[in-house]
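So the protein sequences, as listed, match chains A and B. Under this note's numbering, the very last position in the first sequence is 652; numbers go up by exactly one each time. Under this note's numbering, the very last position in the second sequence is 738; numbers go up by exactly one each time.
Read the hints as simulated data drawn from the structure, not as lab findings. Among these hints, one or two may not hold up.
[As the list claims (entries may be wrong)] Here are the simulated BS3-like pairs of lysine-lysine, each with C-alpha atoms no more than 25 Å apart in a straight line: (1) A:77 - B:727; (2) A:517 - B:695; (3) B:695 - A:238; (4) A:516 - B:658.
[What the hints assert, rightly or not] Covered, in the sense of this in silico footprint (three residues per stretch, anywhere, with C-beta under 8 Å from a C-beta of chain A), are these stretches of chain B: (5) 680 to 691; (6) 694 to 708.
[Unchecked claim] Coverage of chain A stretches by chain B, computed from C-beta distances (three or more under 8 Å per stretch; other residues unrestricted): (7) 18 to 30; (8) 116 to 125.
Fair warning: this is a prediction, and the values are worked out from it, not measured in the lab. The C-beta atom is built at its ideal place from N, Cα and C for all residues, glycine as well.
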Amino acid sequence: MSTEAKTDFTSNLGRIYTIYTGGFVAFVIFIAILERVGVPNNILGYLFVAFTIGVYAAIGILSRTMQVDEYYVAGRKVPSFYNGMATAADWMSAASFIGMAGTLYLLGYDGLAFILGWTGGYVLVATLIAPYLRKFGCYTVPDFLAFRFGGNAARIAGIVVLMSCSFTYVVAQIVGTGLIGARLLGMSFEMAVFVGLVGILVCSMLGGMRAVTWTQVAQYIVLIIAYLVPVVILSTQKFGIPIPQLTYGTVLSEIQIKEAALGVAASASHIVPFARYDPLNFFALVLCLMVGTASLPHVLMRYFTTPSVREARSSVAWTLLFIFILYFTAPAYAAFAKLEVFENVIGKPLGQLPGWIYSYGKIGLIQICGVNAVDVASITAACGRIAGHTGILSLANFSIQADAIVIATPEIAGLPYVVSGLVAAGGLAAALSTADGLLLAIANALSHDVYSRMINKNAPVAKKLIIARVLLVIVAILAAWVASGRPADIVAMVAWAFSLAAAGLFPALVMGIWSKKTTSAAAVAGIWAGFLTTLVYLVVTRYFPGFGVDYLGMYSNVSPTTGRALVDLAKIKAETPQIFSQGMVLISHPMASRVGWFNVANISAGLFGMPIGFLTMIIVSKFTTAPSAEMQNFIDDIRRPRGEAVMIEKAG
Amino acid sequence: MSEPNKVQAHWAATQRLTYIMIGIWAFFSFFIHMFSPALNSIKILGFPLGFYMAAQGSLIVFVAQLFWFSGAQDKVDRQYGMAEDD
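Produce the complete structure using the sequences and hints provided.
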């Protein structure tokens, strides 16, 4: 591609994406018209999937490249505004889109730990890490570790941490596409996983980072429109003001009045802090999610694509603005849904529940009296078996899964199916864009760090790029294969990725940039110490709690409301001692995820690993030879934006 | 200013700016939310203030501080002749 063509493309970006957005809106209107003339819902759903994936595929194919620089870092010419959008899509996963609002519904104030944790981390990205890595000029995060900390020992440690955070995460995204396809579009789960796999591969295989960048921008536009539309309409219906983020204050007040009327204890109210997480666990979670954000390789590598250090910084600001738009809307979804449940579901006779209860009960997202709310007859029968049930639905007999909140909102607002289809397209965009970024992070670590840097240093460019693509396809198929088994554990493990990244990568990245004294041996020791401490804490508390109690001095966590132990270990030891020695226990095991040190829940395991990582680096650095003068000059060099990148790849 | 002095002064100014950023971040990530039970007794547009700060207020501060930072750091870079060419 000539320089002229490049500038032409960059200066036309605004027009291209405006036309694209207009086209997408026109397509949604077209589907709405089809719905009015009676085209069945499942056809409309398939049209949504086919159209959006078709567009992503077209962008992916148009952005194909045979240049190393384009493949790994999009030629380093992505303007900060667009890189912000792409990073926002890269960052916001199926869980953010579908699950976040539901988590807030279920946890109330304490769920805001996720909102804070998944936004504030960008302050650390912008100030401590991203601009310096951009100046360094690497293709991958392990590249930096290898250069700064003297070679392959640090590179391998970096790759191990990267793989363990990213692989479970990418599997969870593919499971996400399967669930969205199955729940919203009536596809089979396996079919939807396959569609997801194709959607991911067409976007990333031919064009690497370059293709993923321009698809992620397109995916951001779809996901943000899809997220805002239902709740904006809901707010307009209720208050006449299309700004749900403002109007849900009134909703919160109404929720508190309803809670009082329904007999919810004031200490368990939606707005009361620290009722589900005690303050230690709330702030530990916020910290682990923030620091994890600042160390996840698929996020950091997006800032390698900007034209300058200056733009890398402003790009982080744009990223957070685009993420903010979704995250400050999620609590509004939760509040509107909760009020709807309190007003029109709880306290109503079983025969008069709104229709949306059954739509989502059928797919297992809502249970009444312990059974899926399939129809009036089945819930009446189930409630009839409960002694003293009056035929009026009580709070205790109603349960809703986190995933239902965003999915159900269009129907709660009485909107036509086209809006549900739009939400499905948005959820799909969120899952695919995150999967693309993760897949690229994994495949690039394998092709660039393992193959080009360690196995065959002199491979010709064409061969390097073929290897990169083959590895990408293999990793994608492997992830889809794992996902097709619906591994519930892996989805739950995604939150672990943040603690692992926080403990394994953050200390090494920060010390590598901010301390000239940190030595290679210290960094390698620190990465392993932080990573393994966190991993052991996670695995032992979840899968081997008996071992933790017997050999690692763990004890029961306590309830945040009563301050009492969650499990009576002495009693279990006396009555059923055999369950202490069980390994790989299920989540239903009485001790699983309920024991630990200092009452720290395993989701915040990074709280132990981070300080251990930093301390190891500081202490070992005191006993090993200081970095060379050459290395110290190099650190000075990455600290000032001016001048050439430190590590310049031979152009392919 | 001689070149090595400039390098040192630039890094000192960069560190100062970073500490300010981390200070603001720590205040709005942790410190203010320790008082959310008390802040919740203040209501604005129906929002209990403690809830509002965790749901929106802190986030707005994060976004604003990042835009401010990208300008402020650029100013520091230019002042010591360490900025990239435009």
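Right, here's what the structure says about each hint:
1. Between residue 77 of chain A and residue 727 of chain B the alpha-carbon distance is near 23 Å, which keeps this suggested pair within the 25 Å criterion.
2. Our distance criterion of 25 Å between C-alpha atoms is broken by residue 517 of chain A and residue 695 of chain B, whose separation comes to about 50 Å.
3. Distance hint between residue 695 of chain B and residue 238 of chain A is fulfilled; the C-alpha atoms sit about 21 Å from each other, no more than 25 Å.
4. Between residue 516 of chain A and residue 658 of chain B, the direct Cα distance comes to roughly 18 Å. Compliance with the 25 Å bound is thereby established for this hinted pair.
5. Check on the stretch 680 to 691 of chain B: 7 of its residues sit with their Cβ under 8 Å from a Cβ of chain A, so the three-residue criterion for coverage holds.
6. Counting residues of the stretch 694 to 708 of chain B whose CB lies closer than 8 Å to any CB of chain A gives 12, which reaches the minimum of 3, so the coverage claim holds.
7. Check on the stretch 18 to 30 of chain A: 0 of its residues sit with their Cβ under 8 Å from a Cβ of chain B, so the three-residue criterion for coverage is violated.
8. Given a C-beta distance limit of less than 8 Å, the hint that chain B covers the stretch 116 to 125 of chain A holds, as 6 residues qualify and 3 suffice.
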